[in-house]
Every structure is written in structure tokens, then in C-alpha cells.
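I would like the entire structure built from these sequences, with the hints used as guidance.
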Amino acid sequence: MPDFGYTITKDRQLDHDHGDFRYISLVRSFEPSLDLCIGCGSCSASCSAAGFTDFNIRKLHTIIRRGEVESVKTELKKCMFCGKCQLVCPRGVNLRNLIMAMNRAIELLG
Amino acid sequence: MGKSVIVIGGGIAGMTAAGMLARQGYEVTLLEKENETGGHVAHWDRLFPDRRKASEVLEFTGEGMKDVHVARGISISRITRQNNEFTVTCGMQDAGSVMKSHFTANALIVATGFDLFEARRKEEYGYGIYNNVITSADLEVKFKSGKGILTAEGKIPKRIGIIHCVGSRDEKVGNLYCSKVCCVTGVKQAIELKEMYPGSVVFSFYMDLRMYDRNFEELYYEAQQKWGISFIRGRLSECAENPDGSIVIRTEDTLTGKPLKMTVDLLVLLVGFVPAAGTASVAGMIGLKTGTDGFVNPADSHIQNNLSGIPGVFLTGAVKGPVSVTEAIADARAAAALTSEYLTASIEEHA
Chain L
45 MPDFGYTITK DRQLDHDHGD FRYISLVRSF EPSLDLCIGC GSCSASCSAA GFTDFNIRKL
105 HTIIRRGEVE SVKTELKKCM FCGKCQLVCP RGVNLRNLIM AMNRAIELLG
Chain H
761 MGKSVIVIGG GIAGMTAAGM LARQGYEVTL LEKENETGGH VAHWDRLFPD RRKASEVLEF
821 TGEGMKDVHV ARGISISRIT RQNNEFTVTC GMQDAGSVMK SHFTANALIV ATGFDLFEAR
881 RKEEYGYGIY NNVITSADLE VKFKSGKGIL TAEGKIPKRI GIIHCVGSRD EKVGNLYCSK
941 VCCVTGVKQA IELKEMYPGS VVFSFYMDLR MYDRNFEELY YEAQQKWGIS FIRGRLSECA
1001 ENPDGSIVIR TEDTLTGKPL KMTVDLLVLL VGFVPAAGTA SVAGMIGLKT GTDGFVNPAD
1061 SHIQNNLSGI PGVFLTGAVK GPVSVTEAIA DARAAAALTS EYLTASIEEH A
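Chain order of the listed sequences is L and H. First residue of the first sequence? That's 45 in my numbering, and the numbers climb one at a time after it. First residue of the second sequence? That's 761 in my numbering, and the numbers climb one at a time after it.
Check the hints yourself; a few may be wrong.
[As the list claims (entries may be wrong)] Per the computed footprint, the stretches of chain H lying under chain L, defined by three or more beta-carbons under 8 Å from a beta-carbon of chain L, are: (1) 981-988; (2) 1007-1021.
[Claimed, not checked] Calculated pairs, BS3-like style, for lysine-lysine (alpha carbon to alpha carbon, straight line, at most 30 Å): (3) L:K128 - H:K1018; (4) L:K117 - H:K1021; (5) H:K1021 - L:K121; (6) L:K122 - H:K813; (7) L:K54 - H:K918; (8) H:K902 - H:K918; (9) H:K932 - H:K813; (10) L:K54 - H:K986; (11) H:K915 - L:K117; (12) H:K1021 - L:K54; (13) L:K121 - H:K1018; (14) H:K986 - L:K128.
[Stated by the list, open to error] For each label pair, taking beta carbons as the anchor points, the in silico distance ranges come out as: (15) H:G888 - L:S88: 37 to 47 Å; (16) H:G888 - L:L131: 42 to 52 Å; (17) H:V1008 - L:F65: 13 to 23 Å; (18) L:S92 - H:Y981: 26 to 36 Å; (19) L:L153 - H:R1010: 25 to 35 Å.
Calculated directly from the structure, the hints in this document are not laboratory data. All C-beta atoms, glycine included, are put in the ideal place defined by N, C-alpha and C.
Structure (C-alpha cells):
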């Protein structure tokens, strides 16, 4: 059969009913302060890595909470652990440990 | 003293103002359209931010108005002002028949309050169409009944969605304003649902959370830390019903920049304030000025917030726009104080 080049595009919507929430439950057990996030963006605004790449820590930990992990796996490697995000967080989220926790969860669950 | 006051509206603001003036010795008549006083607070279970019982506040306010003459089941047909005396002409339900009645007084307090936004107007949210879509007011009635919150199918809701800003901040329904108390009500109700069903998950969909008053932000913090409520920033676009009665909601998770789909067993719509149906007619009879939002404008928004601009006519409570119970009570006391000041001064001076 000739290849007409048609493909099925994957829906980019977050399907919360079929999300993978194993990662977030692990992350939450390692660093419960994540729940206090109010999405203000102070962490990503102060981020050293975000100055040079499209790394967005605020988005990454939100995506993982919505049951998606694939994009997070590679993105997380851009963090340099400078800890500025943690210094500015108005809700006291322990961001450095949160990033460690996300890395650990990905390591454990694949 | 022999001076008299008519308070129009027997919600928490009207009751507070009436009681305070009666305790100062004025002859006070409270006109209420319903058969009971108490307004919206009478249908509410618990109040934010400390979740104290609404009935306690109502009881306290009711006790304070023992000397108030309360006329229930009133519909006002005419208000006239002559020589600093107001005459309110009413139809009154009495044993099934409507009889005409007149009340006269030296001052008027307008406390006609608000109505809840009619959620059916946001048709895409499915209220009145899908059985598992209810309003925040319906939820309070269910809380008050003490019977538990079940889905239309009689099951414990495992996943509950709470939608902020229904009928508020929405040009599509003609309401640009923020109803201001729904945010904290949503947080309160999320906690109460989680407390009732610890095994269920509660999601709150918001544009921004306006925790404007003391202890509100702390309640939000508690909702996140202690109760694990998930707050997702995004306004509900539309919902649909599954064959099993559950509701599919579609929103954008604006913090990840992605559209989001989710199924919930119960959807709660946080309905906002609209001017009470009676406000426009009462305002028309007296000559009060209303804003484009339909709420009554005070003479000055900062320093004459309880004055109407018409001598002897005072304003209090949600007739001027959304207020919390706490604010309505404080505002009613201010209105009563100014009414008293007006009545003790020479009436001619104000003519």
C-alpha cells in the first residue's frame, strides 16, 4: 500500500483519568511540601538554568502532578542544583529536595 | 423619641440594622418578602473561615431584634416621601389573601441584598441538565441536612470538582465583577467534603484565588497541606455527562499550558452574587442610583458608603455589592449608627 504520509497525531491534552500517578505519590512521600505550591512562578523566574534553556521547574512539577512524566525525564537533567528556587519560594517548598525526589522517583520507576 | 425607621429586607444586614435601632429606642419595622427572616444565611450550614455554624450567627442577630416589628410576606408596590416622612405601600400575604398595607417612618434603610447567580445560565456547565452538577448553595443545604453528600445515583462521590467564578468575572453573562466570597467558600467546602470523605479526591478549578481577608490564606494553606486538595488553575470550558452519570470536564491547566480532561462524580459550581430581584424595583421607587452591575451606588464609595444621596435613605449589605456575613454585620451597624444620627438631628436641617 502506498504511504500517503498520514499519521494519527497524539492528543496533547492532559488526560487526568488515565494519568500515571505512581510518580507523584512517590515524590509526595519524599517531599510533601510540594502540595503547598501556588504556581506563582518565583522558582522558575529565579532559576539559573532557565536563563539559558527552556527549563521550567514550575511546569515540571505541575506536569508530574497531572500524571505525566515523559517530558520531565529529560528536562530535569538541566537543573544545576543551585537552590535559588528554594530561597525565593513564598510557600517554603523545599525545591532542591523536590527535584532530587523527582529524580529518585524516575530512577525507581523508570 | 417617637421617631421611626423602616428596614427593607430581612437578611443578616437588615436584621442587624433593625435590631440595633430598636435597641436604641426607635420604632422599627422590618419588611421581608419571604415568610421568614434570615435571608441567605438561613440556608447556609457553616461560615468561612472558621466554619462556625451559620445558625449561631442568625440566632444572635435574631435575639437582638426582639423589639422590631417584623412584617413577612411583603411585596412593596409604592414608596413615597413627603415632609421627611416615608410611606411604603405593600401587599401583604395574610392567610392566603393579599391585603394592602401602609407603613410610615422618618427614615428608610434599604437592605434588599442579593440573589445567587442562576447557574442554568451557564448552560455549558450542565446545571439543571446533568444530575451530578450542583451549586455551592445546594451543597450547603445538603451539609445542613446532615444526611451526607451522595451522587444522584446514591453513591459516595470519589472524585469531586469545584468550579470557581460561576457567574462572576464573566462578560458572557453580563457580570464583570468578582463576587469575592466564592473563593474562600470553595476552599471551605473542599475541606468539608474531604473531611466527610477522606478517601475521595477534591479538585478546585480557579482563575486566581482571592483570599482577601484575615485567615483566608491560612485556610487555603490548610486545604493544601492538611487535606491535600488539588488546585488547578484554569476556568471550566464545558462539561458532558457519561452514561453512568459522572461528569467529564474540560479546562486548560494554565500552569502547564495544556488542555486537561477529567471525570468527576460530583461537580460543585460556586455561584456568585447578582443584585436581588427586588433591588431594581425598590431603587426605582426611591430614586436610588445603580451601577452597570445593577447594585446600588452609595453617595460616596469611601466616606458615605451607607448614604444613598437621598436624605433619610440609608444603604446596607449586599444591596451595594458582594459582601461576607462579617462585613454585612459591620456595615449594618454603621448604617444604623448613621440613621440614628440623622434621626436625632433636626429633620429640617437635612431637608
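Status of the hints after comparison with the structure:
As drawn, the stretch 981-988 of chain H meets chain L at 4 residues by the rule of a beta-carbon pair under 8 Å; at three or more, the given contact holds. For a cut-off of 8 Å, the count of residues in the stretch 1007-1021 of chain H with a CB near a CB of chain L stands at 8, and the three-residue condition holds. For a cut-off of 30 Å, the pair hint linking K128 (chain L) to K1018 (chain H) stands: about 27 Å separates their Cα positions. At most 30 Å may separate the alpha-carbon atoms for a hinted pair to count; K117 (chain L) and K1021 (chain H) meet this at roughly 23 Å.
About 29 Å separates the Cα atoms of K1021 (chain H) and K121 (chain L), which keeps this hinted pair within 30 Å; it holds. For a cut-off of 30 Å, the pair hint linking K122 (chain L) to K813 (chain H) is broken: about 51 Å separates their Cα positions. The suggested pairing of K54 (chain L) with K918 (chain H) holds, with an alpha-carbon distance near 29 Å, which does not exceed 30 Å. A distance of roughly 17 Å separates the Cα atoms of K902 (chain H) and K918 (chain H); the hinted pair therefore holds under the 30 Å criterion.
Taking the CA atoms of K932 (chain H) and K813 (chain H), the gap is about 35 Å. The hint is violated against a cut of 30 Å. Taking the CA atoms of K54 (chain L) and K986 (chain H), the gap is near 37 Å; set against the 30 Å cutoff, the hint is violated. Taking the CA atoms of K915 (chain H) and K117 (chain L), the gap is about 39 Å. The hint is violated against a cut of 30 Å. A hinted pair counts as satisfied when its Cα atoms are at most 30 Å apart, and K1021 (chain H) with K54 (chain L) qualifies at roughly 15 Å.
As the CA atoms of K121 (chain L) and K1018 (chain H) are separated by approximately 22 Å, the hinted pair is consistent with the 30 Å bound. This hinted pair checks out: K986 (chain H) and K128 (chain L) have alpha carbons roughly 27 Å apart, not beyond 30 Å. Taking the beta carbon of each, G888 (chain H) and S88 (chain L) are about 42 Å apart, inside 37 to 47 Å as hinted. For G888 (chain H) and L131 (chain L), the Cβ-Cβ distance of about 50 Å falls inside the hinted range of 42 to 52 Å, so the restraint holds.
As the Cβ distance of V1008 (chain H) to F65 (chain L) is approximately 18 Å, the hint placing it in 13 to 23 Å holds. For the pair S92 (chain L) and Y981 (chain H), the supplied restraint of 26 to 36 Å holds, since their beta-carbon distance comes to about 28 Å. Taking 25 to 35 Å as the suggested C-beta distance range, the pair L153 (chain L) and R1010 (chain H) conforms, at roughly 29 Å.
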